[in-house]
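> Sequence:
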Amino acid sequence: MRFLNWTVGLAATLAAGVVATPLEPRQSAYSAYMFAYFTGEGYSNGETISFAVSNGNDPLHWTEVHGGNPYLTSTVGTRGVRDPSIVRAHDGSKFWLLATDLKMYGSGNWDAAVRTGSRSIVIWESTDLKNWGSPRLVQVSPATAGNTWAPEAVWDPSQNKYMVFWASSLYATSDTSHTGSSYHRIMRATTTDFKTFSTAEVYIDYGYPVIDTTIAYDSASSTYYRFSKDERGNSASTPNGKFPFEERSSSLLGSWSSVAVGIGKGSVSRGEGPTVFKSNTVANKWHMFIDEFGGRGYVPFETTNIGSGKWTLSTNYALPSRPRHGSVIPITEAERQVLLNL
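Going by the numbering used here, the first residue of the sequence shown is number 1, and it counts up by one from there.
Please keep in mind that the hints were generated in silico from the structure rather than gathered at the bench. Keep in mind that a hint or two might mislead.
Using 20 Å as the maximum straight-line C-alpha spacing, the simulated EDC-like pairs for lysine to aspartate or glutamate come out as follows [to be verified]:
{"id": "1", "residue 1": "195", "residue 2": "91"}
{"id": "2", "residue 1": "130", "residue 2": "64"}
{"id": "3", "residue 1": "130", "residue 2": "91"}
{"id": "4", "residue 1": "94", "residue 2": "58"}
{"id": "5", "residue 1": "103", "residue 2": "156"}
{"id": "6", "residue 1": "130", "residue 2": "156"}
{"id": "7", "residue 1": "94", "residue 2": "125"}
{"id": "8", "residue 1": "265", "residue 2": "292"}
{"id": "9", "residue 1": "265", "residue 2": "247"}
{"id": "10", "residue 1": "161", "residue 2": "111"}
{"id": "11", "residue 1": "310", "residue 2": "201"}
{"id": "12", "residue 1": "285", "residue 2": "218"}
{"id": "13", "residue 1": "94", "residue 2": "128"}
{"id": "14", "residue 1": "285", "residue 2": "302"}
{"id": "15", "residue 1": "161", "residue 2": "201"}
{"id": "16", "residue 1": "310", "residue 2": "292"}
{"id": "17", "residue 1": "94", "residue 2": "193"}
{"id": "18", "residue 1": "94", "residue 2": "333"}
{"id": "19", "residue 1": "265", "residue 2": "218"}
{"id": "20", "residue 1": "195", "residue 2": "247"}
{"id": "21", "residue 1": "130", "residue 2": "292"}
{"id": "22", "residue 1": "161", "residue 2": "125"}
{"id": "23", "residue 1": "285", "residue 2": "58"}
{"id": "24", "residue 1": "161", "residue 2": "193"}
{"id": "25", "residue 1": "94", "residue 2": "156"}
Here are the in silico distance ranges between beta carbons for each label pair [claimed, not checked]:
{"id": "26", "residue 1": "202", "residue 2": "284", "range": "29 to 39 Å"}
{"id": "27", "residue 1": "143", "residue 2": "92", "range": "19 to 29 Å"}
{"id": "28", "residue 1": "258", "residue 2": "69", "range": "38 to 48 Å"}
{"id": "29", "residue 1": "201", "residue 2": "94", "range": "38 to 48 Å"}
Every residue, glycine too, gets a C-beta built ideally from N, C-alpha and C.
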């Protein structure tokens, strides 16, 4: 989630195959990847959802589907959607697509976006990746929230529910106009159907702004890895501001320890909206796309040791045109053919 110079005073996915459960298809069943993304507020149709599929099991080369045109357009809320995250049901029966309810094209008022923005997320539902029906707008943030950005979800087997999480700036209960200072925390709630949600509560609060959290599960080590953007300004005192950082934990609701900070520094000028997914074919290999906002958009990185925190810039890649904050999930060949024929 990109935003510039706002002054409040201070942005799998459950991606199928990223968070493994016994009920998910085996990794060997996947033969490609699906990429959902938006292209940005610089275009009149940029706050819509586009899809692409990988060329076979190569996550560095992609084919845009639907003639390269957006496939999903919001008719609810602000009529703009950003930061799409695709969730494959833990039993494999359906998909949900979650997105930020925000339209910045023609406005550019990021201060208003974080003070008096939407408290809802936009949700689509599909059983086949082709027919998504009408989007629904679901309020998940409290009245004290100024915005609700980059929603993602992960299946939590300990609760037998999905944990949904997003970024919100929070204001004092008495500050009903949200004129005071604030910073982004990561919020969370639970759901079983993406229609009703538990009361939101703070998930990450480090005393400084954090946005764009995503979570990956490494079944080989039974470890969760959490990636977020340090939204502080980049300065001598906060040299890793505007870049993703990585943490680890043995459980979603347990304590988290730092793995790496400033991921992508030296390869991208700034980074947000990380999406992380496991290779379908190479054991222990993981990919991370980092959105170089204000620059190239998504740039791919990779590692063969997700626990090391060492991510290397990928080479010889051809991503879709202008991809911004989104998500990648592994898919079967049948699902790939559905998408190619949209």
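> Each of the hints needs a verdict: does it hold here or not?
Do the hints match the structure? See the list:
Using a Cα cut-off of 20 Å, the hinted pair residue 195 and residue 91 holds, with the two alpha carbons roughly 17 Å apart. For the hint pairing residue 130 with residue 64, the CA-to-CA distance comes to about 15 Å; that is within 20 Å, so the pair holds. Note on residue 130 and residue 91: the hinted pairing holds, with a Cα-Cα distance of about 19 Å set against a maximum of 20 Å. With a C-alpha separation of about 24 Å, the suggested pairing of residue 94 with residue 58 is violated against the 20 Å cut-off.
Of the pairs offered as hints, the one joining residue 103 and residue 156 is violated, with about 31 Å between alpha carbons and a cut-off of 20 Å exceeded. Distance hint between residue 130 and residue 156 is unfulfilled; the C-alpha atoms sit about 27 Å from each other, more than 20 Å. Distance hint between residue 94 and residue 125 is fulfilled; the C-alpha atoms sit about 7 Å from each other, no more than 20 Å. Simply put, residue 265 and residue 292 have alpha-carbon atoms about 11 Å apart, close enough for the 20 Å limit, and the pair holds.
Between residue 265 and residue 247, the direct Cα distance comes to roughly 17 Å. Compliance with the 20 Å bound is thereby established for this hinted pair. Among the hinted pairs, residue 161 with residue 111 is inconsistent with the structure: their alpha-carbon atoms are about 34 Å apart, more than 20 Å. With a CA separation close to 32 Å, the supplied pair residue 310 and residue 201 exceeds the 20 Å bound. With a CA separation close to 11 Å, the supplied pair residue 285 and residue 218 stays within the 20 Å bound.
A threshold of 20 Å between alpha carbons decides the hint, and for residue 94 with residue 128 the separation of about 7 Å falls inside it, so the pair holds. Proximity of residue 285 to residue 302 is assessed by CA-CA distance (about 7 Å); at most 20 Å being required, the pair is judged to hold. As the CA atoms of residue 161 and residue 201 are separated by approximately 16 Å, the hinted pair is consistent with the 20 Å bound. The suggested pairing of residue 310 with residue 292 holds, with an alpha-carbon distance near 18 Å, which does not exceed 20 Å.
The suggested pairing of residue 94 with residue 193 holds, with an alpha-carbon distance near 11 Å, which does not exceed 20 Å. In summary, the hint linking residue 94 to residue 333 is supported, as the alpha carbons are separated by about 16 Å, within the 20 Å threshold. For the proposed pair residue 265 and residue 218, the alpha carbon gap of about 24 Å is over 20 Å, so the pair is violated. Our distance criterion of 20 Å between C-alpha atoms is broken by residue 195 and residue 247, whose separation comes to about 30 Å.
In summary, the hint linking residue 130 to residue 292 is not supported, as the alpha carbons are separated by about 29 Å, beyond the 20 Å threshold. Among the hinted pairs, residue 161 with residue 125 is consistent with the structure: their alpha-carbon atoms are about 17 Å apart, no more than 20 Å. Distance hint between residue 285 and residue 58 is fulfilled; the C-alpha atoms sit about 13 Å from each other, no more than 20 Å. Note on residue 161 and residue 193: the hinted pairing holds, with a Cα-Cα distance of about 9 Å set against a maximum of 20 Å.
With a C-alpha separation of about 17 Å, the suggested pair residue 94 and residue 156 falls inside the 20 Å cut-off, and the hint holds. Range check, residue 202 to residue 284: about 33 Å between beta-carbon atoms, so the 29 to 39 Å window is met. The beta-carbon spacing between residue 143 and residue 92, approximately 37 Å, falls outside the hinted interval of 19 to 29 Å. At roughly 41 Å, the beta carbons of residue 258 and residue 69 sit within the given window of 38 to 48 Å.
In this structure, residue 201 and residue 94 break the distance hint of 38 to 48 Å, their C-beta atoms being roughly 27 Å apart.
Hint compliance for this structure: hints 4, 5, 6, 10, 11, 19, 20, 21, 27, 29 are broken, all remaining hints hold.
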